[in-house]
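Student: Line by line, the protein sequences are chains A and B. Note that my numbering gives residue 185 to position 89 of the first sequence, counting from 1, and the numbers run on in steps of one. Note that my numbering gives residue 26 to position 22 of the second sequence, counting from 1, and the numbers run on in steps of one.
These are computed hints drawn from the structure, not numbers from a lab. Please note: incorrect hints may appear among the correct ones.
Unchecked claim - Partner residues aside, some chain A positions facing chain B, computed with beta carbon under 8 Å: (1) S141; (2) T145; (3) I170; (4) R199; (5) E383; (6) Q384; (7) A402; (8) V409; (9) Q500; (10) T501; (11) P503.
Built from N, CA and C at the ideal position, the CB exists for glycine as well.
In case you want the letters, here they are:
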Amino acid sequence: MARLDCDVLVVGSGPGGAMTSTLLSEAGFDVLMVEEGRHHSVDSSKSYTLEEMNQKYRNGGLTSTLGNVNVTYIEGKCVGGASEINAALYHRPLAETLETWRRDFQIDDFEVQDLMDQFETIEGELGVSTRPMGESPASQLFARGAETLGWKSREIQRFWKYSKTPEGGWRSRRQSMTETLIPRSLAAGTRLETGVRVHRIHFQGEHALYAEAERTTEDGRKQRLRIGFNKLFVCAGAVQTPLVLRRSGVTHGVGDTLQMHPMIRFAARFPEPMNDPTWGVPVHQVEQFKPAITLGCSHSSIPHVAMWMNRLVPDKVARLEEWPHLGVFYVAVAGKGMGKVRPLPVFKHPLVRHPVLPEDLNLLGEGLSRLAELVFAAGATEVYSPFEHGETITHPSAWDDLPQTLPSDQISVSTIHLFSSLPMGEDLARCTVDSHGKLHSKSNVWIQDASVLPTSPGVNPQGTILTLVRRNVQRFIDQHTG
Amino acid sequence: MRPRVRPVIDSLVDTVLCAELGREELSGERFVDETAAMLHHKLEHMPELFGLGMLGVTLAFDTTARARGGRPFRKQDLAGRQRCLDAWKRSPIGLFRSFTQFYEKMGTFVYYSHVEEADAPHGHEVS
């Protein structure tokens, strides 16, 4: 068995791991970061394509929960994690949400103003912006629909950078971890090992000693590894982090409270062209019903539109030939259901059970009804039912009763937002990690990823994850340096 | 199990794409084989619990189709295959519905991904 040694081991290189390794390396710690996936550049595959799914998604994007409604969830398996594959939307959560977390989970030193300062730092460091060239046609339509209905909506900022070309056009680049924190981390001295999957951590009492891992080389050869460390940061995401801990015998409260933002999409047709491949994902959202319900525009390439049009769509092929007239839209809700992550004997992948509660289904139904209202107000002529046996509708009143009648056996629910599997705080009945991410039951293990969010932030969570991790790791540095 | 399942996947993809494209048969149609190969690849890379389950259910679907059409699914004509698929699609059993949903949604997505890549490669995203 090969051996690696370091002072600090960081498991995972998504937003949590990238931020952790960067701050620790810059503070002078000897950091080794291990990542199960490979290091691909941000433009090594086109966004939202089959190629990208095969290259950067865990299990090619085919991971699912089990429950009353199975939810397909997506995890990044590459250097940079989810930041390489999501829409890079950036939000600050509502101050009320942060205040509720502080109070209900008894989080120490969690003042809203301090956190807002941290958010501001993140925004400056990573490059958060709106589109300088104006919104895409799909976003403009969406905004028009919201305005007609008198609903509050806005263009959402993204982790994205824009620059003018000499010809007067625009060049743009996603500010994912491989573009921002990972290079900074490496420059500060972090050692990065890819193709390394940590199976379990070995403890002596409360003290973690070493990690047992497997390295897969580019040509598929496997090598067992033993990684020694003094301090361990597990940043593998809301599913993989509890999986590693449970495999290692750390079970109390671990992976018992997984939450998500369940999402349903539908496609709609407009009289005018509103879709163009060079415009990318539209970034307008309705704010009116947040944090419970978010309505927005989705990526709408031909494969995605085709997938969200069921077999009852009349003349589907002819409609797809007029693809620029078609767009995909989504409703996402702040789900209240709590799921469980459990390792399975023999298998590498966990069993993730998650209930979509009746109130969450009601919210999804309400959201679909409102979304249909919006796209018709924006000028849509047809909305294609997201239900397996649902007919195309031409007027929003057809879905007036959806909050009460959502056919849960006919829906496809998905999510990219998973969190809260190890909530942070001092309330020992609810919290597995302390107010700064250290496992309550262990002396040298910290969790710094989406797992520690106490509940749903009600918005795209990447900005919140980065901010909390930054806060927590700075505290660690203050406590562990001269 | 895997060599036995490939002809069933081929038949499933053929059935799904015939319905998708409104065609009676797909001879000469581009990307049908590529779609079936990719679905096979996807099944092999699913989490073990789902991948093994899906392989088992695919074989069970093929076998139990005898009760409906007198032959395994892969040996029935298109109308018979579509009846078998529709029956599972409307089944009260969630697993059966998930099975048909996987082949229909992924089959459609993968097929149009190949079409898009060949016919209209994306420009550079400026958003």
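Student: Indicate, hint by hint, whether the structure satisfies it.
Tutor: Against the structure, the hints come out as follows:
no., hint, in the structure
1, S141, "violated, 11 Å"
2, T145, "holds, 6 Å"
3, I170, "violated, 13 Å"
4, R199, "violated, 38 Å"
5, E383, "violated, 20 Å"
6, Q384, "violated, 23 Å"
7, A402, "holds, 5 Å"
8, V409, "violated, 10 Å"
9, Q500, "violated, 21 Å"
10, T501, "violated, 18 Å"
11, P503, "violated, 11 Å"
The structure shown violates the earlier hints numbered 1, 3, 4, 5, 6, 8, 9, 10 and 11.
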